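Visitor: Now for the letters of each chain:
2 protein chains.
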Amino acid sequence: MRVLIMGAAGMVGQKLLSRLQNADTGLGNISKIYLHDMVPANTASWSGASEVLVGNIAEAAEMQKLADLKPDVIFHLASIVSGEAELEFSKGWQVNMAGSWAFLESLRQHHDDSGGTYVPKIIFTSSIAVFGPPFPDKISDEFLCAPQTSYGAQKAIVEMLIADYSRKGYIEGISIRLPTICVRPGKPNLAASSFFSGIIREPLNGVEAILPVSDDVRHWHASPRSAARFLTHAASLDLSQLGSRRSLNMPGVSCTVAEQIEALRNVAGSDVVALIKPQLEERIVKIVAGWPRNFDTARAHALGFESEASFEEIIKIYLEDDLPKP
Amino acid sequence: MRVLIMGAAGMVGQKLLSRLQNADTGLGNISKIYLHDMVPANTASWSGASEVLVGNIAEAAEMQKLADLKPDVIFHLASIVSGEAELEFSKGWQVNMAGSWAFLESLRQHHDDSGGTYVPKIIFTSSIAVFGPPFPDKISDEFLCAPQTSYGAQKAIVEMLIADYSRKGYIEGISIRLPTICVRPGKPNLAASSFFSGIIREPLNGVEAILPVSDDVRHWHASPRSAARFLTHAASLDLSQLGSRRSLNMPGVSCTVAEQIEALRNVAGSDVVALIKPQLEERIVKIVAGWPRNFDTARAHALGFESEASFEEIIKIYLEDDLPKP
Numbered sequence: 476m477r478v479l480i481m482g483a484a485g486m487v488g489q490k491l492l493s494r495l496q497n498a499d500t501g502l503g504n505i506s507k508i509y510l511h512d513m514v515p516a517n518t519a520s521w522s523g524a525s526e527v528l529v530g531n532i533a534e535a536a537e538m539q540k541l542a543d544l545k546p547d548v549i550f551h552l553a554s555i556v557s558g559e560a561e562l563e564f565s566k567g568w569q570v571n572m573a574g575s576w577a578f579l580e581s582l583r584q585h586h587d588d589s590g591g592t593y594v595p596k597i598i599f600t601s602s603i604a605v606f607g608p609p610f611p612d613k614i615s616d617e618f619l620c621a622p623q624t625s626y627g628a629q630k631a632i633v634e635m636l637i638a639d640y641s642r643k644g645y646i647e648g649i650s651i652r653l654p655t656i657c658v659r660p661g662k663p664n665l666a667a668s669s670f671f672s673g674i675i676r677e678p679l680n681g682v683e684a685i686l687p688v689s690d691d692v693r694h695w696h697a698s699p700r701s702a703a704r705f706l707t708h709a710a711s712l713d714l715s716q717l718g719s720r721r722s723l724n725m726p727g728v729s730c731t732v733a734e735q736i737e738a739l740r741n742v743a744g745s746d747v748v749a750l751i752k753p754q755l756e757e758r759i760v761k762i763v764a765g766w767p768r769n770f771d772t773a774r775a776h777a778l779g780f781e782s783e784a785s786f787e788e789i790i791k792i793y794l795e796d797d798l799p800k801p
Numbered sequence: 476m477r478v479l480i481m482g483a484a485g486m487v488g489q490k491l492l493s494r495l496q497n498a499d500t501g502l503g504n505i506s507k508i509y510l511h512d513m514v515p516a517n518t519a520s521w522s523g524a525s526e527v528l529v530g531n532i533a534e535a536a537e538m539q540k541l542a543d544l545k546p547d548v549i550f551h552l553a554s555i556v557s558g559e560a561e562l563e564f565s566k567g568w569q570v571n572m573a574g575s576w577a578f579l580e581s582l583r584q585h586h587d588d589s590g591g592t593y594v595p596k597i598i599f600t601s602s603i604a605v606f607g608p609p610f611p612d613k614i615s616d617e618f619l620c621a622p623q624t625s626y627g628a629q630k631a632i633v634e635m636l637i638a639d640y641s642r643k644g645y646i647e648g649i650s651i652r653l654p655t656i657c658v659r660p661g662k663p664n665l666a667a668s669s670f671f672s673g674i675i676r677e678p679l680n681g682v683e684a685i686l687p688v689s690d691d692v693r694h695w696h697a698s699p700r701s702a703a704r705f706l707t708h709a710a711s712l713d714l715s716q717l718g719s720r721r722s723l724n725m726p727g728v729s730c731t732v733a734e735q736i737e738a739l740r741n742v743a744g745s746d747v748v749a750l751i752k753p754q755l756e757e758r759i760v761k762i763v764a765g766w767p768r769n770f771d772t773a774r775a776h777a778l779g780f781e782s783e784a785s786f787e788e789i790i791k792i793y794l795e796d797d798l799p800k801p
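Read top to bottom, the protein sequences are chains D and B.
So for the first sequence, our numbering puts the first residue at 476; every next one is plus one.
So for the second sequence, our numbering puts the first residue at 476; every next one is plus one.
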């Protein structure tokens, strides 16, 4: 089996590669992994055959090249992030929508050329950014997509494409809507959600962290380990059981910032918590007010997707998997 | 004010033109109407200035030409129909999705070139085909889009585009999801929904009509007159009040085929009803089983959209507006 990871250089792509190496994912024997991204992906965690590919998913010719590899399983994690898609409107649509459509069209051509025998499995990482307020207390599996960002709209549209190409039998697709991934390893980034990880990660590394929102903000989290597990679990499923609803809200932990902080106190003590410095930032407050707080992920649970049960567990996974060793 | 109607040669386009001529639509003074379609639109019902344009909305250059007209109000009714989009997959996406995206991009360019002063109003006709089963008894304004056809997926995607371009302030858009339009004047067509009109229209014209489904099938209807009124009402609204949810389920009449037939009996008598010949057609039965049956259109009602209150009223509108005069 040949596997393609698009967006392989990113944090989730790397977690996925490591999981494919180290866990029994039920995917069967992988003969080769193609790792595609804008920059060369690190292959250190993969001992089998691999090929590193570099290119821009906004370009139809690049998408044709990837489809020509005729991968059996495709993990499509590639996109520009929310903030960039909002600032660079045209680029966002080209990269996050047009590129994916071009890719699906190239795959469909191979499906047709093969007499219908080539039906690649595609696992697309979507996002809870497909939802917009007003929200119910818990977002159900039947709640409408009403994105508040171009990024969310682009994700929702690629979900639609994947559902329709799957319905027609050209691919076997699934879109998994990831919670906010927490605790992200590494440096803070410019994402408005960065602080959700930062207020845990920085104090655990002895560094102060700004909390830019009120501590009663509730949000929806899962660990990087869960993200990789969602991806391989999705790839191991018989996707025909999804019927025509190919987009799934992934499980997560719903908790307030105050609950995040109490979990940190339980795991690491009050001295660590003291490194969190509340300092309201109106721009972030406003953005976060439009984000989902909680989900009822009945469908995903029924299909065997599982996340952490508590935010403490999420912190412990960071300590196990990602805390820099001294 | 300059108005553009895309899909102007179609039945709803023609009803709209007639309504713009004959009713007080609250739209203000129309200096010119551009009528665009694949074939020349009839201008007989419009006494003001008009220009008939012929072209293919799948072509970006054609969409650029239409945007270059810088219309103030755009009624976008153009698409290939469900059956054709299902049979000709690639054509469906090019016409029903790519064309609309190219059009929005050209309008955005004019918005930018105008320093942000050009913000056209767009009323896009979407469809209840954006929904797929399983359905609740009544589909609410918060029910997910899960189309069962490429046509439905394409409509749902253009809705997303219109919502995002509106959110960014490039356009002022609304997508109105029309019920099945009944009683359609003219000849039967190949649409699976054709019989809903046929079992009323043909008997009223003294002709037999096949009923290909069981008479307990429930569906969602509005008259052509309502369709035209939805469009002009949408154009008269301050669309900023929609916030970021720019897609609205239009009101309609939910009734079973048996109730349709009883309404026909009340209006036209049992001899007319006797011209309906039940003859199950499995292909149609199967398609129709996947269609919505009823809606709670609270948002549309609150915004002043109104349909008929009964199927009898729908039949009477056919008699008034469309029954061929002997």
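Hints are computed from structural coordinates only; laboratory data are not their basis.
Small disclaimer: the values here were computed from a predicted structure and weren't measured.
Heads up, the beta-carbon is just placed ideally off N, CA and C, and yes, glycines get one too.
Treat the hints with care, since some could be wrong.
Said to hold, decoys possible - Short derived list, chain D residues pointing at chain B, Cβ under 7 Å: (1) Gly607; (2) Gln623; (3) Ile632; (4) His776.
Visitor: Hint by hint, note whether the structure agrees.
Guide: Against the structure, the hints come out as follows:
1. Gly607: Holds. Min distance 6 Å.
2. Gln623: This interface hint holds because 6 Å falls under the 7 Å limit.
3. Ile632: 5 Å, holds
4. His776: Given a least distance of 18 Å, the restraint on histidine 776 of chain D is violated.
Of the numbered hints given earlier, the model fails hint 4 alone.
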